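Could you build all of it, start to finish, from the sequences and the hints given here?
Going down the list, the protein sequences come from chains A and B. At position 106 of the first sequence the residue is numbered 106 (our numbering), and the sequence of numbers has no breaks. So the mapping is simple: our numbering equals the position in the second sequence, first residue as 1, plus 1000.
No lab work stands behind these hints, which were simulated from the structure alone. Computed from a predicted structure; not experimentally measured. Certain hints may be false.
Claimed, not checked - With a cut-off of at most 20 Å between alpha-carbon atoms, the simulated EDC-like pairs for lysine to aspartate or glutamate come out as follows:
# : chain 1 : residue 1 : chain 2 : residue 2
1 : A       : K97       : B       : D1059
2 : B       : K1038     : A       : D57
3 : A       : K2        : A       : D39
4 : A       : K2        : B       : E1057
5 : A       : K105      : B       : D1101
6 : B       : K1044     : A       : D82
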Amino acid sequence: RKEVEQDPGPFNVPEGATVAFNCTYSNSASQSFFWYRQDCRKEPKLLMSVYSSGNEDGRFTAQLNRASQYISLLIRDSKLSDSATYLCVVNSGGYQKVTFGTGTKLQVIP
Amino acid sequence: DAMVIQNPRYQVTQFGKPVTLSCSQTLNHNVMYWYQQKSSQAPKLLFHYYDKDFNNEADTPDNFQSRRPNTSFCFLDIRSPGLGDAAMYLCATSRVSTGVDEQFFGPGTRLTVL
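See the structure below:
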């Protein structure tokens, strides 16, 4: 089993739609979780950290389910500019080390 | 006001010809990372430095070496590039804290091996 698994997509959604991505992780000792965004041929950039109680940043909501070992990202009112690959990132043991998922590709269609 | 700078952005080398990629940062972060990312794949950690403390991943080939002469600079040396080493190489930094912090990435160096 991979350390971090994501549905690669692509998810093709119309503007204004709500879309959700899930990510599962295998290391039950993981403590830190993140969503990064990566545009085509660009570097990853932090979208948001994921806290135990769940957190929201504008149209984006992240949730953590420790019992089932998954995190989720919900995007409401999708914009064309949300088109990107969303990478799930989990700390993988060892100080400051993380493991990236392969990413879920989102395409928002006019 | 770039924070993590990578040079060159594009590098073409010949099979077996050594190549060095460079990374510099203005963030004064203690931790620096090198990742390899191939098309449609996750960034794969090659090694990281915590200050001068070098941490190699178990599955990083011996062909890949790194140097960090000071806080600001880090280099990736590929001693004998093979066709399978063609990829985007990403440098990242993070600050030291009690947990795992955000990583700041440079724009990457895209390596082509002929």
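Indices of hints not satisfied (ascending): 2, 3, 5 and 6
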